Structure formats: structure tokens, C-alpha cells
Amino acid sequence: LGALRYSVGWYAARALGFLALSALLVVLVVQLARMDRRTDRAATTDPLTGVRNRITFQDDLEREMARVEREGRLLALLVIDVDRFKAVNDDLGHAVGDAVLIEIAARLQRCIRGGDLLVRMGGDEFVVLLVGIDSAGQAESAAARVIAMMQPPVVHGSLRIECPVSVGVALHPGAASTSDELLRHADRAMYAAKNAGGGRYHVDRPRSPDAIA
1 LGALRYSVGW YAARALGFLA LSALLVVLVV QLARMDRRTD RAATTDPLTG VRNRITFQDD
61 LEREMARVER EGRLLALLVI DVDRFKAVND DLGHAVGDAV LIEIAARLQR CIRGGDLLVR
121 MGGDEFVVLL VGIDSAGQAE SAAARVIAMM QPPVVHGSLR IECPVSVGVA LHPGAASTSD
181 ELLRHADRAM YAAKNAGGGR YHVDRPRSPD AIA
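Using the numbering used here, read the sequence shown as starting at 1 and increasing by one per residue.
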């Protein structure tokens, strides 16, 4: 910095200062990008279970519905509700109920493929979005895996808690033309499974003659 003005040393000192400032700016940009990603994850992640929350679900569902229509494939929406979960909270407390939900979310993660979407909609209700499947049978197989995965009791300390689930399945393309309709169809199928005794799945069968078999 003490070099003569416009000498080689003078230019070298300023170039070094410019490089140091550039490096500092790069570090700052990288840190800001990381903070932005962390903020985005926090906004879209359920804090209890660590799976996605419902904030972006509608957009995700509409995007995937449009994609399978273009590709000539199928999409399955599974609505999953824990049977008699209120009794777990009432009889054992919310801390145990939270532990049960964490374990259920972990089991659901093991049931699905890497490209599928698992969302906690709230309370004891989850949805799974199976994207790019080729048959209704694949959706039924996935629902059966969910039922089987939930059969072993959740172990919490000395407690063994039975947590069967009811699963409703709706397919697209099918009878629903919008994301809201598809969600209603899957929800209706879930309640049909619950009303039949729970611990099972039910498929909402399309009623139009052009719908999938």
C-alpha cells in the first residue's frame, strides 16, 4: 500500500484488495443462499415429523396432475388417517401422541419411492402422492404396504401402542378434473375405509365410462 503511485507494487496492492473484496462478496452470497434454503425448508417442513407440510401441497398436486396428463401416465393420491388416534392423546397424553406421529411418518417414508411426496396435512392425517405410476394396481399395492407397515405396535418406553390406519385412494386421470376434487375423492375413500372398520384401504372408483379400470 506504501508503493509509489502507479508503480507495479501500487497496482498489485489494489488488485490484491479487489480479489479480497471479491472473495468476501462470494462468501456472503453463498451464506445468504444457504440461509434462504434453510428458511424455505423451515417454512415447508412439518416441525414435528420432519416431512413436508401442506403449504405447497396444492401447487405440487396440480403440477403433477398436469404432468401425468402430458405423459399419458397415472397419479395416485393416498389420504391416510390414524384410527382412534384421539384415544391415544386422551389416554396416554400428547407427548406419547407426538411420538406415535413421528414413528408413523418414519414408516410412511419407508413405504414410498424416492420421487413420491409425503405430506403431513395436520393432526393425524397424512397424504402420499404417488407420481408417474402405470396402473391402478400399483396404487393398491402401495396402500397395502402402508396398511402392513402400520400393523406392528409403536413401542414407546414400556408402552406398545396399536396404530392402524385407514387409507383412501384416488387416481388421476379419473373422475376428478381438479386438485380439489381429487382430494375430496381420496378423502371420501378414506372415510369409507374407516367406516368399514379401519385398518384397511378403499379405492375411489371412477364413475365415468372413459375412466381408468
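Be a bit skeptical, because a hint or two may be false.
[Claimed, not checked] 25 angstroms max Cα-Cα, derived SDA-like pairs, lysine to any residue:
id: 1; residue 1: Lys86; residue 2: Glu103
id: 2; residue 1: Lys194; residue 2: Gly114
id: 3; residue 1: Lys194; residue 2: Arg107
id: 4; residue 1: Lys86; residue 2: Gly123
id: 5; residue 1: Lys194; residue 2: Arg160
id: 6; residue 1: Lys194; residue 2: Arg205
id: 7; residue 1: Lys86; residue 2: Ala105
id: 8; residue 1: Lys194; residue 2: Arg54
id: 9; residue 1: Lys86; residue 2: Val8
id: 10; residue 1: Lys194; residue 2: Arg70
id: 11; residue 1: Lys86; residue 2: Ala196
id: 12; residue 1: Lys86; residue 2: Gly122
id: 13; residue 1: Lys194; residue 2: Ala66
id: 14; residue 1: Lys86; residue 2: Asn195
id: 15; residue 1: Lys86; residue 2: Ala175
id: 16; residue 1: Lys194; residue 2: Met121
id: 17; residue 1: Lys194; residue 2: Arg145
id: 18; residue 1: Lys194; residue 2: Arg110
id: 19; residue 1: Lys194; residue 2: Ser158
id: 20; residue 1: Lys194; residue 2: Gly123
id: 21; residue 1: Lys194; residue 2: Ala175
id: 22; residue 1: Lys86; residue 2: Gly115
id: 23; residue 1: Lys86; residue 2: Val96
id: 24; residue 1: Lys86; residue 2: Ile147
id: 25; residue 1: Lys86; residue 2: Ala136
id: 26; residue 1: Lys86; residue 2: Met149
id: 27; residue 1: Lys86; residue 2: His156
id: 28; residue 1: Lys194; residue 2: Glu140
id: 29; residue 1: Lys194; residue 2: Cys111
If you are wondering where the hints come from, they were derived from the structure by calculation, not from laboratory data.
This structure is a prediction, so every number in the text was calculated from the model and none was measured.
Status of the hints after comparison with the structure:
About 16 angstroms separates the Cα atoms of Lys86 and Glu103, which keeps this hinted pair within 25 angstroms; it holds. For the hint pairing Lys194 with Gly114, the CA-to-CA distance comes to about 28 angstroms; that exceeds 25 angstroms, so the pair is violated. Annotation: proposed proximity of Lys194 to Arg107 holds, straight-line Cα distance about 20 angstroms (limit 25 angstroms). A distance of roughly 10 angstroms separates the Cα atoms of Lys86 and Gly123; the hinted pair therefore holds under the 25 angstroms criterion.
For the proposed pair Lys194 and Arg160, the alpha carbon gap of about 22 angstroms is at most 25 angstroms, so the pair holds. Using a Cα cut-off of 25 angstroms, the hinted pair Lys194 and Arg205 holds, with the two alpha carbons roughly 17 angstroms apart. Proximity of Lys86 to Ala105 is assessed by CA-CA distance (about 17 angstroms); at most 25 angstroms being required, the pair is judged to hold. Restraint check: the Cα-Cα separation between Lys194 and Arg54 comes to about 23 angstroms, which is no more than 25 angstroms; the hinted pair holds.
Proposed proximity of Lys86 and Val8 is contradicted: the alpha carbons are some 78 angstroms apart, above 25 angstroms. Among the hinted pairs, Lys194 with Arg70 is inconsistent with the structure: their alpha-carbon atoms are about 34 angstroms apart, more than 25 angstroms. A C-alpha spacing of about 18 angstroms is found between Lys86 and Ala196, which places the hinted pair at or below 25 angstroms, so the restraint holds. Among the hinted pairs, Lys86 with Gly122 is consistent with the structure: their alpha-carbon atoms are about 13 angstroms apart, no more than 25 angstroms.
For the proposed pair Lys194 and Ala66, the alpha carbon gap of about 30 angstroms is over 25 angstroms, so the pair is violated. Our distance criterion of 25 angstroms between C-alpha atoms is met by Lys86 and Asn195, whose separation comes to about 16 angstroms. Our distance criterion of 25 angstroms between C-alpha atoms is broken by Lys86 and Ala175, whose separation comes to about 32 angstroms. For the hint linking Lys194 to Met121, the alpha-carbon distance of about 18 angstroms falls within 25 angstroms, and the restraint holds.
With a CA separation close to 17 angstroms, the supplied pair Lys194 and Arg145 stays within the 25 angstroms bound. Taking the CA atoms of Lys194 and Arg110, the gap is near 23 angstroms; set against the 25 angstroms cutoff, the hint holds. Simply put, Lys194 and Ser158 have alpha-carbon atoms about 28 angstroms apart, too far for the 25 angstroms limit, and the pair is violated. Distance check on the hinted pair: Lys194 and Gly123 sit about 16 angstroms apart at the alpha-carbon level, within 25 angstroms; holds.
Pair hint Lys194 plus Ala175 holds up; C-alpha atoms about 22 angstroms apart against a cutoff of 25 angstroms. Only pairs whose Cα atoms come within 25 angstroms are accepted, and Lys86 paired with Gly115 is rejected, the gap being roughly 32 angstroms. Among the hinted pairs, Lys86 with Val96 is consistent with the structure: their alpha-carbon atoms are about 12 angstroms apart, no more than 25 angstroms. For the proposed pair Lys86 and Ile147, the alpha carbon gap of about 19 angstroms is at most 25 angstroms, so the pair holds.
For the hint linking Lys86 to Ala136, the alpha-carbon distance of about 32 angstroms lies beyond 25 angstroms, and the restraint is violated. For the given pair, Lys86 sits about 20 angstroms from Met149 by alpha-carbon distance, which is consistent with the 25 angstroms threshold. Among the hinted pairs, Lys86 with His156 is consistent with the structure: their alpha-carbon atoms are about 17 angstroms apart, no more than 25 angstroms. For the hint linking Lys194 to Glu140, the alpha-carbon distance of about 16 angstroms falls within 25 angstroms, and the restraint holds.
Of the supplied pair hints, the one linking Lys194 and Cys111 holds, its CA atoms being roughly 21 angstroms apart against a limit of 25 angstroms.
In terms of the numbered hints stated before, the structure departs from hints 2, 9, 10, 13, 15, 19, 22 and 25, listed from lowest to highest.
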